[in-house]
Amino acid sequence: MYVGRFIVVGENFGGYCVCSRSFPDRCVVERQECLSIELKPEAQETENPYVAYNCARVEGDCVVIGNGDHVDQIVEQLVLKRNSKDALTEGLVVSGYEKDEYDTPRIAGIVGKESFIGIIRKDGIEVQKVIDPMFVSTYEKNSPEVFNFKPQSGREVIDRMYEMGFEHSICAFGVVKGEFVEFSLDNK
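In short: position in the sequence shown from 1, add 50, done, that's the numbering used here.
Because the hints were derived from the structure by calculation, they are not lab data. Incorrect hints may appear among the rest.
[Stated by the list, open to error] List time: in silico SDA-like cross-link candidates among lysine to any residue, alpha-carbon distance up to 25 Å:
1. K163 to N104
2. K172 to K90
3. K163 to K179
4. K90 to D111
5. K191 to Q178
6. K163 to D182
7. K200 to I220
[Unchecked claim] Quick list of the computed label-pair ranges, beta carbon to beta carbon:
8. G146 to G215: 27 to 33 Å
9. D75 to D122: 21 to 27 Å
10. R81 to F230: 14 to 20 Å
Fair warning: this is a prediction, and the values are worked out from it, not measured in the lab. We put the beta carbon where it would ideally sit given N, CA and C, even for glycine.
Turn these sequences into a full structure, and let the hints steer you where they fit.
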């Protein structure tokens with residue numbers, strides 16, 4: 051099954067996986083204050099505004115993850131001292147779904163004192179508090195659902211996401227938040 055991009059969010063962990071048919075020459079990279087999805091050096095240039103973006107940022111005790119520039123919008127809301135649920139909702143609403151040929155939804159999550167997961171589609175928005183681990187994807191599985199898993203490391207998050215067997219996975223990251231925030235990255 052092809053699900054596009056997807057995220058997993060638990061009480062103290064999260065992850066993001068890029069599955070892509072159109073732009074498979076992408077990778078996840080660590081920058082100064084974030085993780086980003088970028089084109090590989092050998093990839094053909096594109097004018098598509100949805101191909102490269104920050105996919106994870108840490109703000110205070112929160113880790114924000116998502117499939118586009120709404121990650122930055124959500125962090126801005128957290129900086130303004132909005133609570134996690136409102137920051138996530140506002141970031142998704144401000145950005146809206148992607149205005150591409152597929153009306154690609156935007157997905158995002160916050161791992162913090164309270165964790166949340168959300169999606170904005172052309173037909174509406176869903177934001178849910180995470181009690182049991184959940185996942186949501188841009189296509190097919192585009193409503194948050196329970197994801198039974200309790201990882202001990204960021205690498206375990208990545209491995210479990212790949213084990214879900216979704217087609218065309220090209221890169222992923224996992225994060226576990228304890229005393230410190232631990233990220234793991236993988237580029238196929």
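Now for the hints, and whether the structure bears them out:
1. K163 to N104: 22 Å, holds
2. K172 to K90: 30 Å, violated
3. K163 to K179: With a Cα-Cα distance of about 11 Å, the restraint between K163 and K179 holds, given a limit of 25 Å.
4. K90 to D111: Violated - the C-alpha atoms of D111 and K90 are around 31 Å apart, more than 25 Å.
5. K191 to Q178: Roughly 15 Å between the alpha carbons, so the hint for K191 and Q178 holds.
6. K163 to D182: With a Cα-Cα distance of about 14 Å, the restraint between K163 and D182 holds, given a limit of 25 Å.
7. K200 to I220: Holds: K200 and I220 sit about 23 Å apart, inside 25 Å.
8. G146 to G215: 27 to 33 Å: At roughly 30 Å between Cβ atoms, G215 and G146 fall inside 27 to 33 Å, so the hint holds.
9. D75 to D122: 21 to 27 Å: Check passed, 23 Å falls within 21 to 27 Å.
10. R81 to F230: 14 to 20 Å: With Cβ atoms ~18 Å apart, the hint holds.
Hint violations for this structure: numbers 2, 4, all remaining hints satisfied.
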